[in-house]
Structures are given as structure tokens and as C-alpha cells.
Amino acid sequence: EAQVTQNPRYLITVTGKKLTVTCSQNMNHEYMSWYRQDPGLGLRQIYYSMNVEVTDKGDVPEGYKVSRKEKRNFPLILESPSPNQTSLYFCASSPRTEPYGYTFGSGTRLTVV
Amino acid sequence: EDQVTQSPEALRLQEGESSSLNCSYTVSGLRGLFWYRQDPGKGPEFLFTLYSAGEEKEKERLKATLTKKESFLHITAPKPEDSATYLCAVQPANSKLTFGKGITLSVRP
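Heads up: the sequence lines are chains A and B, in that order.
So for the first sequence, the working numbering puts the first residue at 782; every next one is plus one.
So for the second sequence, the working numbering puts the first residue at 3; every next one is plus one.
Hints listed in this document are in silico derivations from the structure and should not be mistaken for laboratory results.
It is possible that part of the hints are untrue.
A short, non-exhaustive set of chain A residues, derived as facing chain B with CB atoms under 10 Å [said to hold, decoys possible]:
(1) L824
(2) G839
(3) D840
(4) G844
(5) C872
(6) T884
Just so you know, even glycine gets a beta-carbon here, dropped at the ideal spot from N, CA and C.
With these hints in hand, go ahead and build the complete structure from the sequences.
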């Protein structure tokens with residue numbers, strides 16, 4: 782089944798403890814992206830990647846890091862999480878940068894206390 | 003600055019009562035407009051892509067249309083299972099998707 786898989790689905794952590802949210806897609810998509818979704822603010826892009834070793838900032842990149850060493854994986858790293866990063870996170874992928882519909886993962890609900 | 007405004011924020015319909023959801027946008031060089039459906043706690047599910055003014059696409063009870071300034075998602079004879087949040091997004095020339103805040107649709111039996 783074609784899908785984007787995120788792990789974990791739920792995570793509660795403490796301020797300052799480094800964490801990684803994994804994202805993997807099995808569709809051989811070039812384009813991958815991370816979003817956060819907050820009530821009243823909608824979906825906002827954190828980082829995106831056009832292909833392996835090519836990443837760029839989205840609208841809200843502060844406090845996040847990404848890497849794209851393999852085509853299928855695009856992990857999101859929070860080096861020192863803070864409570865304002867409590868949110869619902871989604872990974873998405875697309876065949877290429879032309880306007881194709883994105884496939885989204887099921888989401889990771891992160892709580893930083 | 004690219005902007006996407008969806009209205010109304012929430013819509014409650016009786017089963018069978020047709021209506022339309024609006025997505026107004028301002029963007030430089032539109033490459034595509036997307037509609038997604040999102041159920042609570044789940045990732046957005048792709049519905050349609052529209053590329054140019056005048057284009058229409060249909061899927062079951064849903065029909066999406068596009069003009070130079072806005073898009074409509076028409077829902078014909080909705081059922082309770084159509085209850086969800088509907089997201090509109092635009093892809094401008096710089097390739098970054100910009101999402102609207104969504105419209106929460108509730109369909110009562």
C-alpha cells in the first residue's frame with residue numbers, strides 16, 4: 782500500500798530533551814515536507830526537500846532540523862524542544878515539484894512539558 | 003504575500019441539503035489549487051487539483067470549480083459521512099503550498 786508513515790503517533794517529552802520524529806514513504810517521491818497544525822493557524826510548513834541532500838526552510842523553521850540522506854526518509858529533529866512546539870505534525874510527499882496532490886502521513890501529536 | 007481565505011469557518015447542514023464551500027486566494031503565478039479532506043486526528047486526504055480558471059472536477063457528491071480569484075467545493079445531497087474539515091491550498095510559482103485554515107462541515111442525519 783502506498784503510504785507515508787510517521788512515528789511515533791503520540792509523544793510527550795520534557796523541555797530540552799532532543800527528539801526525532803521519523804517519516805518514511807514507499808512511493809519513490811522526490812518531494813517531501815513537514816507541516817505543523819495548530820488551532821486557528823492551520824497547516825504551516827516547517828521544512829521541505831526537493832530531493833536527496835536538498836532541503837530548504839518553510840514558513841516556521843525555527844527550532845527544527847531536517848535531513849534527507851535517502852529518498853524515502855525525511856526525519857524531523859527537535860534539538861531542544863520547548864512548550865511552543867507542542868503541536869500536531871504531519872509529513873507529506875509528492876512525486877515532484879509540479880502541482881501534484883500531496884500524500885500525508887497520519888500525524889504525530891507532540892506535547893512538550 | 004500569498005493568501006488563502008476559506009469561508010465559512012464552520013457549516014452545519016441537514017442530510018441532503020446541498021451547499022458550497024468557498025476558497026478565495028491571492029497568489030503570484032498559480033500553478034495549482036488543491037482541495038483536501040481531513041478527519042479529526044488524521045492526515046489530510048487529497049481530493050482534487052485544479053490548474054486553470056474554468057476547470058471543474060467531480061468525485062461522488064463533490065464538485066470543485068476554479069476562477070481567477072476563488073474556488074468552490076460544491077457538495078450535493080451530503081451525507082453524515084461527508085462531515086470533516088475541508089482544506090484548500092494553493093501552489094504558487096515558488097513551489098511552496100499555502101493552506102487555508104479549513105472549513106469544518108457537519109452533516110446531521
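Supplied contact hint for C872/A, tested at 10 Å Cβ to chain B: holds, 8 Å
Status of the hint placing G839/A at chain B (closest C-beta pair under 10 Å): holds, 7 Å
T884/A as chain B interface residue, shortest Cβ-Cβ below 10 Å: The hint holds - T884/A has a Cβ within 10 Å of chain B, the shortest such distance being about 7 Å.
Hinted contact D840/A with chain B - closest CB pair below 10 Å: holds, 8 Å
Chain B contact restraint on G844/A - CB to CB distance below 10 Å: Violated, because the Cβ-Cβ distance from G844/A to chain B comes to roughly 19 Å (cut-off 10 Å).
Interface hint outcome for L824/A [beta carbon to chain B under 10 Å]: Constraint on L824/A satisfied, holds at 4 Å.
In summary, the one numbered hint that this structure violates is 4.
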